[in-house]
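Engineer: Chains as they are written, first to last, in our numbering: chain A, 1 to 392; chain B, 1 to 392; chain C, 1 to 392; chain D, 1 to 392.
Source of the hints: derived by calculation from the structure; they are not laboratory data. Just so you know, not all the hints are guaranteed correct.
If chains are identical, the list can't say which one is meant, so a pair holds when it fits in one copy or spans any two.
[To be verified] Mimicking DSS-like on lysine-lysine, the simulated pairs with C-alpha atoms at most 27 Å apart in a straight line are:
| hint | residue 1 | residue 2 |
| --- | --- | --- |
| 1 | Lys69 | Lys353 |
| 2 | Lys359 | Lys173 |
| 3 | Lys69 | Lys359 |
| 4 | Lys242 | Lys212 |
| 5 | Lys212 | Lys353 |
| 6 | Lys353 | Lys175 |
| 7 | Lys175 | Lys359 |
| 8 | Lys353 | Lys173 |
Number of protein chains: 4
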Amino acid sequence: MTTSASSRSQKDKFTFGLWTVGWQARDPFGDATRAPLDPVEAVHKLSELGAYGVTFHDDDLIPFGSDDKARDACIARFQKALAETGMKVPMVTTNLFTHPVFKDGGFTSNDRSVRRYALRKVMRNLDLAAQLGAHTYVFWGGREGAEYDGSKCVQTALDRFREGMNLLTTYCKDKGYDLRFAIEPKPNEPRGDILLPTIGHALAFIDTLEHKEMVGLNPEVGHEQMAGLNFVHGIAQALWHKKLFHIDLNGQRGIKYDQDLVFGHGDLLNAFFLVDLLESAGYEGPRHFDYKPSRTEDYEGVWASAAANMRTYRLLRERAEKFRQDPEVQAARKASGWDELAQPTLGAGEDYKALLADKSAYEDFDADRVAQRGFAFVRLNQLAVDHLLGSR
Amino acid sequence: MTTSASSRSQKDKFTFGLWTVGWQARDPFGDATRAPLDPVEAVHKLSELGAYGVTFHDDDLIPFGSDDKARDACIARFQKALAETGMKVPMVTTNLFTHPVFKDGGFTSNDRSVRRYALRKVMRNLDLAAQLGAHTYVFWGGREGAEYDGSKCVQTALDRFREGMNLLTTYCKDKGYDLRFAIEPKPNEPRGDILLPTIGHALAFIDTLEHKEMVGLNPEVGHEQMAGLNFVHGIAQALWHKKLFHIDLNGQRGIKYDQDLVFGHGDLLNAFFLVDLLESAGYEGPRHFDYKPSRTEDYEGVWASAAANMRTYRLLRERAEKFRQDPEVQAARKASGWDELAQPTLGAGEDYKALLADKSAYEDFDADRVAQRGFAFVRLNQLAVDHLLGSR
Amino acid sequence: MTTSASSRSQKDKFTFGLWTVGWQARDPFGDATRAPLDPVEAVHKLSELGAYGVTFHDDDLIPFGSDDKARDACIARFQKALAETGMKVPMVTTNLFTHPVFKDGGFTSNDRSVRRYALRKVMRNLDLAAQLGAHTYVFWGGREGAEYDGSKCVQTALDRFREGMNLLTTYCKDKGYDLRFAIEPKPNEPRGDILLPTIGHALAFIDTLEHKEMVGLNPEVGHEQMAGLNFVHGIAQALWHKKLFHIDLNGQRGIKYDQDLVFGHGDLLNAFFLVDLLESAGYEGPRHFDYKPSRTEDYEGVWASAAANMRTYRLLRERAEKFRQDPEVQAARKASGWDELAQPTLGAGEDYKALLADKSAYEDFDADRVAQRGFAFVRLNQLAVDHLLGSR
Amino acid sequence: MTTSASSRSQKDKFTFGLWTVGWQARDPFGDATRAPLDPVEAVHKLSELGAYGVTFHDDDLIPFGSDDKARDACIARFQKALAETGMKVPMVTTNLFTHPVFKDGGFTSNDRSVRRYALRKVMRNLDLAAQLGAHTYVFWGGREGAEYDGSKCVQTALDRFREGMNLLTTYCKDKGYDLRFAIEPKPNEPRGDILLPTIGHALAFIDTLEHKEMVGLNPEVGHEQMAGLNFVHGIAQALWHKKLFHIDLNGQRGIKYDQDLVFGHGDLLNAFFLVDLLESAGYEGPRHFDYKPSRTEDYEGVWASAAANMRTYRLLRERAEKFRQDPEVQAARKASGWDELAQPTLGAGEDYKALLADKSAYEDFDADRVAQRGFAFVRLNQLAVDHLLGSR
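This is chain A alone, in the form it adopts within the complex (with noise of 0.2 Å):
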């Protein structure tokens, strides 16, 4: 299932995070079944699979605590392994939650102290992220919550999550960075409850910041699916704000733990209609796989899985491309409406007064009538199944 680098085009841009293929498969109730991945093998292994590039946590790349020379030690490596294989850094990310200075968050915690040593750990890598070229830096308050109502104002730890986003805004216009920032949502898991669980809440979130033009989403499958919210309306409804900077693909199998499945190894009519989507609607950046190797899989498993995602989103591609071009299917979506909702409800110059004018709108409506409309929806869906299972 491997490609080959020349195949890796512009127009997949599949990128993985070194914690993905790397990580150890430590679990809640269970030790490391792998041994630790050298980032310099990832990049290799990743690129001979046909990856466009990789991404990174401070800490994935160099060991918390390092010193200075240790760190540059290991960004030449690094560095070295990419121009080796031509894979970019389109994204950087900051972690702050692993050690356990951070076990009430980074930029919410109730500990000031810990709040200013978050914003510079931040700060330090905003610097590596721009060497490297990236365009996106996530952020991912996976600490920034509780387990207890009590335990924290909400309205003021937000006020501190602003502070925060509003400093390194600054700091990444000062410098001259041709970064954008991306907040990944998260319902719960490790904390209780997070702060900004959803897409929606994130983007109300980015409306109060100071340089809002510069912050967006990177929205992950599996944790809009952890809250039953449909992946699907919510990646829209962020393009719908232009907010959708970044994207994390992986699988999901309904409310329980984070699992980062492999992508459509999920809800799988979900992820065809999210290709779908991003792929009509003109999303250009990164197609991110932000999945976990399962823990009962060697690295062979783990290359497997890695090169499932890219296969997967493939298949989805080219069955979602089908589907739009099946006149059948166009005609079906005539039938069902889907134009008639692009058209605004009032008409040309029409206003308020002119809608109240107009009888048959409402005196003269025969809502009964209109009411044995079928919207032929269930015939559209099946449609859709048939397209993915390849049956048309």
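Chain A is fixed; fit chains B, C and D onto it per the hints.
Structural biologist: Just chains B, C and D now, kept in the frame of chain A:
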């Protein structure tokens, strides 16, 4: 458990929808178990129980399809009851979900004629709301959504939703109505996925509206909990955005169908912290109970359930006041860093350059040592449990 | 997508409840969107579409409260339709949930007179089921439950449930009816919590019955998925207990209200493995679709949705057959230890003493070395995705 | 909040796992925040707080891979602590989940050598359990499961599970150990889907075992609630089957990752009714707290959280006793038909023939009239809320 009218204080501001006590208990698998309730009787009975006011959908008061004469008669009888009891109508809303014509939505139906009809239906009822002195007009878009990801372009649907809201705010402004709009989010049911599924998504949407200052939220306990979200966190974020215009109180037992139980008959600890938040944050709007008396109850049970909502709220308010005033709680909060979070992360006048220059913030920061701090959140939560249980 | 009657094979055994295509689409927030459907028309139409038979609740066929004459007329018309089409009635069931009298349950209502009435209602319909040649009688206790933990002593309620089941099995045995009972579990909706909420709880209950050999299960896809449980696992356990007497196929999109979508329009990967299991485990009962045509559909959409259920099942069966026969899949299964699991843990004739004596099993067992084995489950799953997508 | 040893009554029987207070707070996204806790210190400290005993997995007491000498030393130190404090060890269990060798399970791993090793590991620890006077041996099969529906034949896996249980019960019987087994169900985490996911599934499984009288359940609050199931209902069914051998008390806030909060810090109303059930049904086993002190806590917080579990249980027991004794509650229960449910549906000596002959049961039954009865469940629930809040 009843309360004399004289005790109906401004402070309580307990209100009920006509559709709550008037719910005939028809459910997806069963027929009505209660006879219809005359809105006039509802007003009198709720007044006797100590409520401050009532709210309604147009069709609760005036049967769908009534002609003008019948409509006027309904309104006149209702106003008489209000006058007799002193009950207020602080909020009014529109039914855009019961009639089959709305089966694919009101503002976002794929059928354009339905969208136009929906806007007219709202405008007509806005006039009545203004006439009755309401200050809040709620929009629950329960039918704005889809069962299938291919039924509707969500971006286009949001365009239509915004178009509708813009028209209606303009209408109210032109008319000089002293009304604010409040959007009520819900993740699903009756549609598979509803647009603007959470407090966050609705907040983000509002930010795109023409007269966004006029539009806020009417969050409902059970609706957020149906997505597994923490209602206290959601309300706190709504308050932070200054968008808590109204609130729907009820009970829900986890992620399942919409239960609309009595307030407090769901997640009681969360209800305690909710009341604590509302009371301490200075929320001054109605405490609106949007619940359904269980299908097993006769009218005696209906009125007992109405009283139970108010009784539980008052009990929780009492407990929360004592909780906040308990010196041991205050000390425990302090120990947990509650106050420390209110302190800005940057010092007065400090900017990122000063932070970068502060070696104690990073270079000399001993993460392992600071990590040893215990936040004592469990103790604080147990104090809340103690207060809630009336055992302190 | 229709199928001629001649292709209505024994193999397919597709059946539909009269209440499925006949659902008028009344939901908790909306009125009916479709006119009533004559059962006779349902039989003819489903026959044309290629179904094998129909099923019904007493009240689907004979309006509640009909006198004997009206009842006989309903039955006669129905039997005529069966005779004309060759359609079978493999299963019948009782409606103990729609009428308000059942608001606190049938067999476990706190009202004893209701319990007695419920038993009589079932007995009367058992006679009809036997007369029509049904072999399975389903018990869905949708109203047996509670909203509040103090409403009912669950142990006592289970006593009453058992009392009822024992009476009814005795009745059938005495009458010589060739009927087996099948309990249909559901976790909630329309009650807050329903008794016997999952496949497991019902299996355990059955083991306490007088004629337990006569009683098995009728699991429904969506019902288990409403509890976040894996339906394939549930069906496998039911088969293991030899208690899969009947099955309800439909679609559900996660933990929320009961959606009753078309089979495959929910978790498609799980549906694929379900069909694989049913076909390979030799399940010979009906493939019964218990779904609801969406409320947005007119009757054209109803029939399209009925056809969609059967089409999806057939497609999945095709895909699953190819999956099982693919040599690469068989090799991958072998590599994953699928076959090794079938080998007993003890050798032939081995007992615990022999196991204790086997030093290779413990004293000389190198846990760290054995732990290195990769199970290659991801690769196997991707092969399933490939087959499901028709890409192999 | 501490209690002198003298108050450590038989009545309370509060026990804690060594792994609870000893949890170092490593989670899927973070490193340990607390130093290891010496089991001897745990015994002394819990004794001071008023606990009745402790429980453990083999590896909690004896590090995995210890040789016999090290093992004996661990046991001796532990026994000394028990002797010094008078603490009991009512339950012991095996760790078949932490070491990577168990990544695909213990009794049902696809690797046969792992299955053999797992049985040996259990047998070894059964000897220790018997030696320490434990009467219950718990089986939590947290790794028995799968992420993918094609990884494992569930029927075959259940064969292996049963094979293992049969071998182990035989072993105990032969050895004359006074031990009963208790299976602990869980729906998911750390596996995507775990075998025997709920109380019901485990009960059904037990019925197939060779020495089923020796095998019962150890249900855990959070595990059932992770599937959205009502824990009180589950415990009631377990009691009904006479299979509640042990219980794990903790707190969970809805359907999400396994939180293991302090008992009562989740669904408080359900916890109230649980205590009411346990106390009134005569459950005499330990009240075992299987919780995790939050990751934000230091050791002071750990001990505060341990005390909080016991305090909350005692408070709820007090409240429940007053609730049951309140004449108004008793009257309300009677009005709701609580007692009527205890009356058999058939009269003394009545059989189905007599029921068929009773016209009042069907022919003369006025369903519409009987349907008017209100069950007054909301009032009863509000009385429970009142008692829980200490306001009566």
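Engineer: Going through the earlier hints one by one, which of them does the structure break, listed in rising order?
Structural biologist: Violated hints: none at all, because every hint is consistent with the structure.
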